[in-house]
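Let's have the full structure, built from the sequences with the hints guiding it.
Protein sequences, first through last, are from chains A and B. When we follow this note's numbering, the leftmost residue of the first sequence carries the number 1, and every step to the right adds one. When we follow this note's numbering, the leftmost residue of the second sequence carries the number 683, and every step to the right adds one.
The hints are simulated quantities; they were obtained by calculation from the structure and are not laboratory data. Quick caveat: nothing in here was measured; it's all calculated off a predicted structure. Treat the hints with caution; some may be incorrect.
Stretches of chain A that chain B covers, calculated by requiring three or more beta carbons in the stretch to come under 8 angstroms of a beta carbon on chain B [unchecked claim]:
| # | region |
| --- | --- |
| 1 | 59-70 |
| 2 | 465-475 |
| 3 | 607-616 |
Idealized CB from N, CA, C, for every residue including glycine.
Number of protein chains: 2
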Amino acid sequence: MKKNIFLIIFIGLFNQYTISQNNLSEKYNLMPWPQEISDSSENFLITTEFTVSISSIDKGKVEHAATTFLRRLSGRTGIFINKGFPSKINNTKKTSLEISFDKIASVTLEVDESYTLKITNKQLKVHAKTDIGAIRAIATLLQLTTNNKTTSYFPGITISDAPRFLWRGLMIDVARHFQPVSVIKRNLDAMASVKMNVFHWHLTDDQGFRIESNRYPKLHLLASDGLFYTQNQVKDVVNYATRLGIRVVPEFDVPGHASAILTAYPELGSKKDYAYSIERYAGVFNPTLNPTNDKTYAFLKNLFTEITPLFPDEYFHIGGDENAGKHWTENKEISAFKKNHGLNTNHDLQTYFNIRLEKILNDLHKKLMGWDEIMTPTMPTTAVIHSWRGKNEGLKESSLIKAAKKGYKTVLSNGYYIDRLLSVKNHYNVDPIGDVVLTKKERARILGGEVTMWSELVTPLTIDSRIWPRTAAIAERFWSSKSVTDIKNMQKRLKIVSFQLEELGLTHLKNKAVILRNISQYQDISSLIVLSNICEPLKIYSRNKGGTEYKSFSPFTLFADACTADAPDAISFNEHVISYLKTANNTSKQKIISFLTKWIENDASFKAINNNTKTHVLEKLSSQLKTVSIVLKKGLQHNTTLSKKDAIKASKVIQELKKPVADTELVIVSQLTALLQHLGMK
Amino acid sequence: MKKNIFLIIFIGLFNQYTISQNNLSEKYNLMPWPQEISDSSENFLITTEFTVSISSIDKGKVEHAATTFLRRLSGRTGIFINKGFPSKINNTKKTSLEISFDKIASVTLEVDESYTLKITNKQLKVHAKTDIGAIRAIATLLQLTTNNKTTSYFPGITISDAPRFLWRGLMIDVARHFQPVSVIKRNLDAMASVKMNVFHWHLTDDQGFRIESNRYPKLHLLASDGLFYTQNQVKDVVNYATRLGIRVVPEFDVPGHASAILTAYPELGSKKDYAYSIERYAGVFNPTLNPTNDKTYAFLKNLFTEITPLFPDEYFHIGGDENAGKHWTENKEISAFKKNHGLNTNHDLQTYFNIRLEKILNDLHKKLMGWDEIMTPTMPTTAVIHSWRGKNEGLKESSLIKAAKKGYKTVLSNGYYIDRLLSVKNHYNVDPIGDVVLTKKERARILGGEVTMWSELVTPLTIDSRIWPRTAAIAERFWSSKSVTDIKNMQKRLKIVSFQLEELGLTHLKNKAVILRNISQYQDISSLIVLSNICEPLKIYSRNKGGTEYKSFSPFTLFADACTADAPDAISFNEHVISYLKTANNTSKQKIISFLTKWIENDASFKAINNNTKTHVLEKLSSQLKTVSIVLKKGLQHNTTLSKKDAIKASKVIQELKKPVADTELVIVSQLTALLQHLGMK
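Next up, the structure:
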């Protein structure tokens, strides 16, 4: 469910300031923005005497969250808080923060996550119906700390909050590039900090089978390159997630995407004597389980019987995507089976497979979920449809809306494919429902959404910077009111949230320097930072086109890996050019000049380190950028029309700059062009 | 084994260039430096066709190391190596790198780690007696990659190598601050990269019991704050270490350092009705197991019977340190027991305890090891003595030498206490044997050394920067010839090794920026970097003196935590001042002026971010540094004697700068003073 999809870009439809978004969002950096919020002039001062009490001390989610809260509060403010652990609420002894909840809840789809929070200059009070609501409140609190020169404090705020959608997920593909437990755990921490509640674990694919099976040990022994989770590690991750109020939905992708399974058990394949092997490239491949072989079902039944107890959640994802059934068509026995069973197409055959799978899963008390290909006319509405295709994929109607109308519960991922490396704006603008009119029943079937992180082009070194901070903005889309749509305001809040995610343990900011130090062979990286702040990695899988085709073991320590979506200097420069060209304001003009100056000077710093194969490829980019910047700066500073010679020179160089370099694109090219046109015409 | 020790600082004794150190160490950045090395003018070019073969493909240590080698080689050079995995050596098909070894060895003390390595322009060849020798060779290879502008290559080198000492360890204390599995694993990777082979896991102390016990579950449930390793995690870590050729020696510290154990099982304590609880402070405390109670031995026997199968190594560390026996003396029954058993002192009583413990461990096929307090006259020489005290501790003779002479096997840690935050020079200068004359038998008893990382003042965020890169230099002391002692040369090589350790996954470099971003509240950190490059955290535990006393849950996200030993700008500045004052050379003068200019300008950048409680404390430091720098710069630039007024002003400010700020010291103060004296006297 990931090739050739073209995102519907709603830019312009939603980005005007929406009056109903509470204007306190200019003042506070909460994300997701709460449903109801008001503030007062009071502040609660944070001192060494800060204390926390909870309605029950039970080693449960809230005690853990409150302890973590104390560590983060202390770590962030530098205050030596005397009491390092929460106590039980005691009416005779007031604490700084009092957290109460009505009951301990299981981490399920329907759990109540609402909470209220009130901060006065005397106390912080949290109340929730469930312990999970209480930990959501604690996440809110951690976004509220404020400081001045001498004190740290919580602003006086009252919040009443609850999520818009029940299902707020992040999928991580650990098949194409394995991600160790530590990567998963830090991402779970990050998810909880922005109130996400489903971790969808894409555990198997053509490139690897990533979980230990005692029943079928060849799966992890022969089809993982030794990179898999032991069952104990899986339990550990599920416990970790549960404590954060996050459900874990595993995915075993069948019948397609099965190269790894068939590497271990080729006898279950649809093509006889086919040399199945772990796939090293990215793409859609033909190896497919044989749905006409009873051994396939016996295998899946045994495997799922072994695996499902590890995952307490009632949903179980079977993939089901991107199977054209090429090997089915080529196999005479399978063709005969289709005829005998009145299955006209390969889709019908896959539905036959899916229905048998659903029976197996139901016996194991699991609900089947699959990518939207499983939504065929004969598929029972008990299945949950994971919508990854929309109108952009050539469908008449988004598969999400279609599913809801047909009676399926459904979750949206179309529009939330963060591995495509588009700007956060694009994803933020995608609303699961939008302006579609639905009945109450239909609306209730739309459970929520899921961010998808496919891992063809990421490793543990880079994955955080591909997921975050953009996912925090999508988390807001899933939690907050539909009316919260102001892009500028979101960007302002996201910037702070991004730093707080680093504080939490994510590597999305710090690993940029690691990669650049590697690229520079341990020399000064400042000039590389300057370049990486205006370059973005090629988008929508085009990095895998052209000259290079990446394998799973190709190097992901290149300049493109240090660059990210939403290159910060590019955003700022582009905004100032647009503003300057519109209003000729001097502030923007000076900002533009200072950027151009930076890029001119940067070439000398860059040349000083330029002595290896990895920096070599950036030489031309750096010097061309300097050339254009000199011309533009001259025009701007002297406020004159450029000479024809200069304009032509700059124009030619800009043409060159449009070409990708080292799998990145220079994302200021349009505004360089606009500026040149303006200065050439003056 | 950690309080009040004062390191013997050998500086000046060893730091002259030793002629026997191979001068190729100026050319290559190997660490530890090999026993024998020669080079040629040939180079082996690294291309996409690079291949690796091994004498056996067995999913063992070498196959893993070779695969990891390919990933690192590709990641570092950016070369898309076509074949991602090693193959079996095939005489008809030559590979780029051929690795052969005679046998697969167990990871034990006596294992042969020698190897030979030969690089020509045609091939890289490794041979070793054991698979462990082979992986040591691969670690060497990864320090040899070189590049110019367009190619990456291995230089033509021949090495024949073997370690000087059998025991080359790193101890990590996970009791005072718990360190998750991911921290341990990345440190194991780092250890292997510099050929260390013992991970000593200090699992219990007053501040926590960090391992799951099914036999005595209160230990991890009541005495760890939920921060412990499950037995499965322990197995995982031991497997991980074994694959890297690293032994794991667990330590269960008894009978002292027992607050955590006694929190869970107070009935085993030496003081009746004492309210034992997990210790939150650092220090030496009185809670002690009762050595006169048979239940104590039953408990330890059961616990060790449960725990020892997790640790295949034959050595088992029982701590045994820092017990003054205060609670023993205060307990009448214990005093009576001593009298009845003819035990005159508490030391005798502890030896009684140790001997009973040794019996228990021997029955479990383990050899007892303990800190040097266990070396009493009646202690059998079957025990291994871990020497942490030397002449600096008031002993007449280093406990290491004493132990070796008395017939004990012994390991040195005195001099390798990296948590004291001294310069790498100090540790590098400590030789386990030095000039002491020993018989062959005595020499053979000196197994090697161990770096100790006590964790009172470190968290997962900072621990790497406290261990590395200094430990790499100590690893060289343990592996390389005694004659390898050139400090300047070591520093040159260590700088590169440090970056390679980051490439490997360590956080010692990148987390500095994380802490400074936190301190600056997400503003520009460049001025804080400048200050952190001349400030070092207070040394030898003095951070815990004075105003603050740190608890285990105090914030370790302060300026001192971003600073490290061997502050880089300070080293450079101090060297240039010394050089300038000696020879009045202009290069050094210009360097000094540029540092002074940096510090003058830095104050303005610093003031621009100065708006919170954490930066506030650095205000004075920044502005005083500016004041002194202005005066000194004036004197240097104009080559004149300073006015009396200027000299007095600067002198006063330097006095102020001598005082610790935010738990750090400005380590350029001596050279500022020297420079001022010089300029005042001109």
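Hints the structure fails to honour: Number 2 - this is the single hint that the structure violates.
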